[in-house]
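These protein sequence lines map, in sequence, to chains A and B. Residues in the first sequence are numbered consecutively from 1, following the working numbering. Residues in the second sequence are numbered consecutively from 1, following the working numbering.
Each hint can be trusted.
A pair holds if it fits inside one copy or across any two, identical chains being indistinguishable in the list.
Think about it this way: if two alpha-carbon atoms lie no more than 20 Å apart in a straight line, the pair counts; the simulated SDA-like pairs of lysine to any residue are:
id : residue 1 : residue 2
1  : K536      : L526
2  : K9        : I408
3  : K112      : G407
4  : K336      : G373
5  : K336      : A274
6  : K111      : E366
7  : K280      : K336
8  : K530      : L571
9  : K536      : G80
10 : K9        : Y544
11 : K530      : L564
12 : K112      : G368
13 : K291      : L307
14 : K530      : D561
15 : K530      : G80
16 : K235      : A451
17 : K212      : W509
18 : K536      : P41
19 : K33       : G533
20 : K111      : S266
These aren't lab readings, by the way, just hints derived from the structure by calculation. Since the structure is predicted, the reported quantities are computational estimates derived from the model, not experimental observations.
Number of protein chains: 2
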Amino acid sequence: MKILRVNMKEGAINWEPVPEIYEQLGGRALIAKLLLNEIRPACDALGPHNKLIFTPGLLGGAMVATAGRLSVGAKSPLTGGVKEANAGGTAGDTLGKLEIKAIVVEDQPPKKDFYVLLLDGESAQLIPVGQDLRHIGTYATSDRLQEIYGADSTVICIGQAGEYLMTGAGISTTGERDQRSNHAARGGLGAVMGSKGLKAVVIKKAVGISRKLHDEALFRTAAKAYAQKLINDPKLGTKGSQHLYGTASIVGAVNEMGSMPTRNFSDGKFENAAELRGEKLRELVLAREGKIGTRCMPGCVIACRNLFTDGSGKPVVGTVQYETVALVGSNLGLGKLDDVATINYMCNDFGLDTIETGAALGVACEAGLAKFGDIEGIVGLLKQIGEPTVLGRVLGCGAVTTGKVLGIRRVPAAVGQAMPGYDPRTLKGNGVTYATSPQGADHTAGNAFGARNEVPPLGTAGQKELSLRLQIIAAMLDSTGLCLFARPPIIANPQLMIDMINGIYGWGWTKEDYDRFNRDVLRTELEFNKQAGFTKNNYRIPEYMCEEPLPPHNAVFDVPDSDLDAVFDTL
Amino acid sequence: MKILRVNMKEGAINWEPVPEIYEQLGGRALIAKLLLNEIRPACDALGPHNKLIFTPGLLGGAMVATAGRLSVGAKSPLTGGVKEANAGGTAGDTLGKLEIKAIVVEDQPPKKDFYVLLLDGESAQLIPVGQDLRHIGTYATSDRLQEIYGADSTVICIGQAGEYLMTGAGISTTGERDQRSNHAARGGLGAVMGSKGLKAVVIKKAVGISRKLHDEALFRTAAKAYAQKLINDPKLGTKGSQHLYGTASIVGAVNEMGSMPTRNFSDGKFENAAELRGEKLRELVLAREGKIGTRCMPGCVIACRNLFTDGSGKPVVGTVQYETVALVGSNLGLGKLDDVATINYMCNDFGLDTIETGAALGVACEAGLAKFGDIEGIVGLLKQIGEPTVLGRVLGCGAVTTGKVLGIRRVPAAVGQAMPGYDPRTLKGNGVTYATSPQGADHTAGNAFGARNEVPPLGTAGQKELSLRLQIIAAMLDSTGLCLFARPPIIANPQLMIDMINGIYGWGWTKEDYDRFNRDVLRTELEFNKQAGFTKNNYRIPEYMCEEPLPPHNAVFDVPDSDLDAVFDTL
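Bound conformation, chain A alone:
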């Protein structure tokens, strides 16, 4: 495999062999190690010394079900720590097929120009971006670049938010045909891409290339068994709730447990939650000739996506997912899926993380800039991010900045990053993950929702052990290109993963190697953050959530600091 180094100051592009230390790494694991080795963790995240990395996971390109996710990484301008965010679409699969271990983007153009990085097999070039591609959203950017470079090209791009260096900005990727709306959303990586002067990466389709396999039989047996387990899983298969209702299938359960972010995390139950449920979403979308059960990448057998349509059957947004429903729905007091879809589209187009932006809008509503539940007022605020007005810039920088500027103390964020759709006071395992993950408040870093019957979510006992276990698994999944939903079969039988990896690479991994690999990801990330200046005080839930009871359970976040400090003691 090889690494593509792109220096934005010099305009230099170089292919490099993969150094031995990175050979057995990919995705999140590679990002952590490369950043720790190559940048000063205390550097300015939007300055020339940060590096932006695109990397497929270890299974990318081998047509393993759900393993085509693209990992994007850099020092986060939002958290100040290490960041990996990943997205579906065709990028991860294509890079894997091209045997590209990573694209590493360095430095900044001397003038604030923007470029497109065009990758066509072994040829790579930087093309200056004209005014036609500036200040436009991710949808138009993807459309125009696919018009030029082919409808089957993959476009990785930023919208206005990334161009304007807003720390709530993500990076979007395209999928098959006209599929859009995949986002490596979190941690402000879009702002890092903007700071590099990189509007988009276009990867021409890798035709007729397939991944080299070291032991095809071993690989195929494991990959097939793994896919079959996904298909047979009662939640994930074609009769499962994920496929039928999408990720919003959990709205009812989260609301029932009193963990649904409501009006800036001031309540755990939303009175109109029924209108936001996955079941309702399915009913609505099917009645309007939208789509249910579509996929974000080739080869996925879960197919949890939807194409949300308006009353006239016109597509609104590629997929409405749970975290978005929670953060821009109930968190803003909005009880209509149409409103959620409207905001979702706008965030996607500006290239904004819906979680960060939803939380920022919630804080703005608490400050009185719009009323909770007032879709027109809220859309009015959101529009300003794209222009941008100063208020738009504030909101685009996320929840913490919005709270600071507007003088609001109730900001649902940890490690600088907005919390996803589970209030930590009533799902305390998630609170432990939000606080202690080196990635900042992030459900994909170790979501305890699925373990709610195993560890009582309102209690403090067992949360730190649960969080560690989940964080280790998440670190592994994020390093392979696998989707979070691929967790059950891999947990049940890690040998499947080991066999797939050995089948592709022939590394002869044992269970011990696999365990070490997974833990090493977290160890490396924690070391990066430590060198960036993090102490145990960075790994905390906000003060107000430890004191302000959340209705209806009137719970506070009371996992003791000593437990938070001890999460990684057994890592």
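Given the structure of chain A, go ahead and fit chain B onto it with the hints provided.
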């Protein structure tokens, strides 16, 4: 002596005896120890657990020349660390005479109401503030409260900036008669006062009370000798530059050495510096029937203040000082003292730190929101802080927030706080102080300008030793109520200070006790910041200043990190 505890949640007011551990502390030293003992350093600075402390220095109330400064302290919402800022006026002297060691303001009112704390001898009460005192500036607040409580009362208050929780907000104090414009400006302490719902503290004049003295002869001999040394000092006496030209007397020298902040710290020499010099200021003010050589507190023999008047002889602002000239003058490309005075007045009235606000406006100019040198455009921005618009809120939160929101990386700040009027690239001792002081970038924490002939300011050698020495002296001065300008006689003969303290209190301090005291201030503050989560990475000069050469010397800040880390090794 006694401590007044005011609980804003309960509305409870209690006089307490001074615990033994605080007996021999005052001003900055007391603030550091009390905060470390009584609050969780990692607490939310604008939340209920922070405490706001008003305290005279150890010499307060004893009519020692320049020793009437009031120290205000809290955890800073700007730096996240410990903060003490002090101001002239009559507050320190009056509290000292009343033998009040400190007023400690705790918690927050349940509703967002505002109060005035009225102190009349041993009587203290909280009075709810009506709409007539809300959203008004420090001048009108002081005027109205003196109308009610007597023209000889001291008013300590916040303006709009503090009410709106802006982290660039300071706290103003009144002086004798109609004297205004004293500010404990730095670190966002005005926002802490706002978060406590405290619009003002009014202290009725202590009539006919004088400080009890343990050994009157010892005290008077030392105090007289100290005052005489000030008077005889060639710079400080009535023929000295401080008295004749005020603190702006250094404009020429700072500009000459290439350290004058110019257009957001992008140049070290300002082409119109001659128009901003203290000599020019004197000439202008005297020609316009303003005042030169006035004082900020009773008993000061230096009298460095001016009353700046406009062309028609109407007073504009109580005093135009060097840091303001630098930060809102050359730093904004403004070469007229009238423009500086206009901005100075507005900042004072809104209750804003001129250093923080000048730096924020410089960043805003770099972002293109106004042109450098365009007074109308800049005043237009500043006005928005008082309203406040969202942009006003951003600017009011200071330079770092402004840079983050506007996507500007060139932010002249260290430890979260804007730099005063000496570019650290050409006065490297100040760079070491900005980076390493537990107080954040602050010239009063250890200003190397006066030692420029002793340690070459462009070199790196000797800077860490110089900074430590200056930081120790500054910590002592800030704990006694003395003005920074009182430094020379005390450095020349520390016994004067020891005798004054022993004369008042009878503690029998030796030189060793005095040294230990001074160093303990810094030790305590560093420990607070450590517990708040600071690491060595917090104590740094911004990356761009270490790489971007500053004309005309084309110097970068190159004191090695290892030197910054070692500043306190010998503390």
